[in-house]
Amino acid sequence: MSSALIYACTGAALFVFGVTGLILLSHLLRKILAFNIMGSGIFLVLVGLGQRSGTPDPIPQAMVLTGIVVAVAATGLALALVRRLLHFTGEIRLPEEP
Amino acid sequence: MKNLFNALVIVLFAVLGLTLIWVILELQPPTHVHLSKQVLTQLDASGVTHPVTAVLLNFRGYDTLLEVMVLLLALLGVLAQIGKREQRNLSAWFRLSQPYLQVLLWLVRMIVPLMVLVAGYLLWVGGHQPGGAFQAGAVLAAAGVLLNLSGVLPSWAEPAWNLRTGLVFGLLVFLLVAAAVMVVASPGLLLQYPPASAGMLILLIEMGLTLSLGLILAGLFLFLSGDAIEDEAEK
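Heads up: the protein sequence lines correspond to chains A and B, in order. Counting from 1, one number per residue, gives the positions in the first sequence under our numbering. Counting from 1, one number per residue, gives the positions in the second sequence under our numbering.
Keep in mind that a hint or two might mislead.
Below, in silico cross-link-like pairs of lysine to any residue (SDA-like), each with a Cα-Cα straight-line distance of 25 Å or less [to be verified]:
hint, chain 1, residue 1, chain 2, residue 2
1, A, Lys31, B, Leu224
2, B, Lys37, A, Tyr7
3, A, Lys31, B, Thr19
4, A, Lys31, B, Lys37
5, B, Lys2, A, Leu24
6, A, Lys31, A, Arg52
From chain A, some residues computed to sit far from chain B (all C-beta separations above 10 Å) [to be verified]:
hint, residue
7, Leu28
8, Lys31
9, Leu33
10, Phe43
11, Thr55
12, Ile92
13, Arg93
14, Leu94
Please keep in mind that the hints were generated in silico from the structure rather than gathered at the bench. Note that this is a predicted model, so its numbers are computed, not measured. C-beta atoms are modelled at their ideal positions from N, C-alpha and C, and glycine is treated no differently.
Can you make the complete structure from the sequences, with help from the hints?
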């Protein structure tokens with residue numbers, strides 16, 4: 001098992017942790033963190049699978065670079081929305097399903 | 001009921017994770033698609049010698065163009081959340097007057113110019129080594145956040161025209177280059193730089209993008225950080 005595959009498998013594990021957290025955790029800040037962990041897992045899978053042959057493949061790397069910046073911006077927007085929710089309702093949780 | 005649901009979700013995703021790992025271990029490298037070889041053979045025509053920069057700003061330049069628009073949209077979303085309020089950073093004066101914070105202020109004054117220097121270096125080195133506009137923009141944004149956290153730079157309120165110009169400057173340069181290249185060099189093709197001037201055009205785009213990305217990423221923090229002061233004042 002090469003180091004590239006270890007990266008990819010770690011990425012798969014992080015992705016699964018992230019999705020589970022996104023579904024199970026009710027606190028919105030934790031949801032945002034879980035979402036970021038999920039995204040990092042996907043980036044790790046892309047980069048890991050891209051360098052299986054020994055040399056890094058530039059195309060997944062460019063995609064991941066794009067993805068990281070977009071993820072940062074999306075996290076900022078999510079935090080702004082959470083703060084707005086806190087301002088209106090006084091709590092950082094989604095209302096329970098009836 | 002809730003515990004049962006949680007256990008079910010955990011078991012389900014554990015199975016999914018094991019399946020994913022199994023698939024990754026079994027996956028064979030693609031035999032009929034050789035994108036990375038194509039990138040390496042076309043690298044001479046791209047104007048830069050680092051393959052990631054070549055992919056980002058030449059071969060898949062429209063990806064980057066749309067990405068900058070996505071970043072601007074995210075910032076517009078943040079701006080829509082803060083509303084129109086006058087924001088003053090009252091804590092800055094307070095912080096500057098505290099003697100024990102002189103170490104922090106001295107450190108910030110030492111580090112921030114170095115960060116601007118590093119951003120310039122990253123921008124320049126992107127043509128032939130890992131680096132480029134995104135990394136440089138991230139360093140600039142980090143400098144802005146550092147200045148704000150140490151109380152030197154006040155939080156941003158409603159952006160005035162000069163800040164708005166800075167935020168869209170990179171996108172405008174990118175669009176202008178794309179339009180000029182489409183009209184002059186390769187009619188009807190989007191972002192097909194002529195190989196002779198590709199390096200200069202990419203550097204021009206990257207300079208604009210560095211400035212704008214730094215402002216946009218810093219704005220995601222600085223537009224929101226002012227709000228907190230006001231929230232505390234309300235309580």
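Against the structure, the hints come out as follows:
no.	hint	result
1	A:Lys31 x B:Leu224	holds (19 Å)
2	B:Lys37 x A:Tyr7	holds (23 Å)
3	A:Lys31 x B:Thr19	holds (24 Å)
4	A:Lys31 x B:Lys37	violated (40 Å)
5	B:Lys2 x A:Leu24	holds (10 Å)
6	A:Lys31 x A:Arg52	violated (32 Å)
7	Leu28	holds (14 Å)
8	Lys31	holds (14 Å)
9	Leu33	holds (17 Å)
10	Phe43	holds (14 Å)
11	Thr55	violated (8 Å)
12	Ile92	holds (13 Å)
13	Arg93	holds (15 Å)
14	Leu94	holds (15 Å)
In terms of the numbered hints stated before, the structure departs from hints 4, 6 and 11, listed from lowest to highest.
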